[in-house]
Each structure stands twice: as C-alpha cells, then as structure tokens.
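Chemist: Sequences listed follow chains C and P, in order. For the first sequence, our numbering gives the first residue as 1, with consecutive numbering after it. For the second sequence, our numbering gives the first residue as 1001, with consecutive numbering after it.
Just so you know, the hints here were simulated from the structure itself, not pulled from any lab data. We treat Cβ as the ideally placed atom computed from N, Cα and C, and that holds for glycine. Possibly wrong hints are sitting among the right ones.
Said to hold, decoys possible - Computed footprint of chain P on chain C; a stretch qualifies when at least three of its residues, placed anywhere within it, have a C-beta under 8 Å from a C-beta of chain P:
#1 27-34
#2 46-60
To be verified - Here are some chain P residues the structure puts well away from chain C; computed CB gaps all over 12 Å:
#3 K1041
#4 G1047
#5 N1168
#6 V1179
#7 A1190
#8 G1212
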Amino acid sequence: MSDIALTPSASVTPIPLGEVLPWAIFGGLIMLLAIYFIGAEEGAMSLFSGMYVHEFVHDGRHLLGFPCH
Amino acid sequence: MTRDLLIRGMIVGVIAGLLAFGFARVFGEPQVDHAIAFEEKMSQAAGAAAEPELVTRATQAGIGLFTGIVVYSAALGGLFSLVFAFVHGRVSSLSPRSTAALLALAGFVAIVLVPCIKYPMNPPAVGSPDTIGARTELFFVMLVVSLGALAAAVGLAKRLYAQHGAWNATLIAGAAYVVFIALVQYLLPAINEVPEQFSPTVLWNFRVASLGIHVIVWTTLGLLFGALAERVLAGQRPRYRLQAAR
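Next up, chain C with everything else stripped away, as it sits in the complex (with noise of 0.2 Å):
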C-alpha cells in the first residue's frame, strides 16, 4: 500500500490479488488453451490426430499470423 500513497493520484484502489489470482488462473488457462486450439493445434503439435481442426479454422490461422503449415 505503501507506493499508492506515494502516487500523487491515490484515489484508485487496487482489486486486491486474492480476489484476482483465482480468476487469472483458472480464466486465464482457458483463454491460452482456447488461443493454442486456433493458433497451433494440428499445425506444429497435436493434441488430436487427424487435420481437421487444422483445415477448418486454416484461414484465421494464416489471417491471424500463426505460422500455419
């Protein structure tokens, strides 16, 4: 608390980390494994055999910047 007292504008309170931690890891794991699924899945490694999630989000892969195939 110290360096918020510090700050000149000390009016904005952080969100206390205790109540951030539990959202960033649990929300924060999906969102990457969701991001892997678009990004890499079927492309440099596979989780599932096969190219079909591959082909299918292809065009978002290349469009998003992915290194694709």
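Chain C is fixed; fit chain P onto it per the hints.
Modeler: What follows is chain P alone, placed relative to chain C:
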C-alpha cells in the same frame, strides 16, 4: 469485481472479433484465394495430384474463419481484462479508460507489431511444411521475449518515476525496450521462405489485411472495454461508502 471485468472483457472480445471477421472477409479472403490459386498452380506444374479437400474452401472462408477470429478475440479479451484487473491501481493510477487504452496499445505493440517485424504473417503457399516446427517455436519465442521485455520496461519506468518524472522515465524505459528488441531480433535466425514467383502485391496486401484485423481487435478492446470497466469500477464506489458508514 474480477468476474465482472472478465465477463465484459470476453464480450468485448466477441464484438471485436465480429468486426475483425467482417474486415477479414472483405480484405483478407481475396488475398488468401490468390495465394491458394498460386499454390495450386505450382503443385500442378510440379505434377503433383490435387490434395483432397478435408474442409471446403467455403467452410474455411466462412464459419471456419468466423470461429478462428471470434474465439481468438474472445480469449484475448478475457486475458486483456485479467491483466487490466491486475494492473489497474497497481501499475497504473490513471482512470480505467486511460489504463485500458494504454494497455491495448502496449499489447498491440508487444503481441502483434514486434513479433511480426521479425516473423511476419504469411499467406498459404509461403513457408515449407518441413520447417513448421522450428518456425512455430521461433514465433512463440519472439512473442514471449517481447512480452517479457514489455513487463521489464514497465517495471523500469516505475523505478525511474520518482527520480526522473513520468515523461523521462517513460522515454528511458521505451528506449531500453526498443534497443533490447532490436538486439534480440538481430540475433534470432531469419526465415525467408517466400517462393520466388510469388506475387509481392499479394504478399503485401495479405500482410496489411492481417495487420488491419489486429488493429481492429486491439482498438475495440482498448476503447470499448475501457468504457465498460469505468462503469464497473464506478459502480463499486457507493457500496464502499455504505460499508464505511455502517
């Protein structure tokens, strides 16, 4: 509080994804089609049999593209809101709207701009399938280094703040970030797998379209999420006052 921000982040992400999908459909797809036409011409000239289509082009350019961009964007919006929840009042003492706008600008630079300067987005037909493993690794190494360097630069700026003031602290930390990134990009191996006869116009248009998609996503995240977050965080204050009065 974090829950409210996370939900709004994901909703804003979906909206950003819808806008980006519209843009990608109009400006990105024609370039993908040109690239695929080139790819087919080359494989025909090489005498290779046409690859069987697992997913039709219409599906790839329609629901596939839609799913890819909207899911990516929603997930990015969720991550954005979580970083915002941590940063607000802790790293930044600005208003929620300003914090969100600056966070989006920083995110765009560190996640999109810096990695794509070294390893730019490539249309179909560019890139050999044999090197996909190495290319993906290098791309994610660049991404992680860029994000780490950004976090370090923000930390540096905070340290210098007391002694040098906000303006100079930001300039020094920004310069340190640029120099570090330039060094990393100089040291990382270059990848150039653009076929010789590939149209430079298609390549340029494809990359501009791709950059446009990201600009739309990050602008929407920064501005729309900021507006919503400001309302969420403002709504919290009266409750605090009530508790204090008791």
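Chemist: Does each hint hold? Answer for all of them.
Modeler: So, going through the hints one by one against the coordinates:
1. 27-34: Holds: 6 residues of the segment 27-34 of chain C have a Cβ under 8 Å from chain P.
2. 46-60: holds (count 8)
3. K1041: 18 Å, holds
4. G1047: 21 Å, holds
5. N1168: 16 Å, holds
6. V1179: Holds: least Cβ distance 24 Å, greater than 12 Å.
7. A1190: 14 Å, holds
8. G1212: Contrary to the label, G1212 of chain P does not stay out of reach of chain C, its closest Cβ about 10 Å off (not over 12 Å).
Checked against the numbered hints given earlier, the structure breaks only hint 8 and satisfies all the rest.
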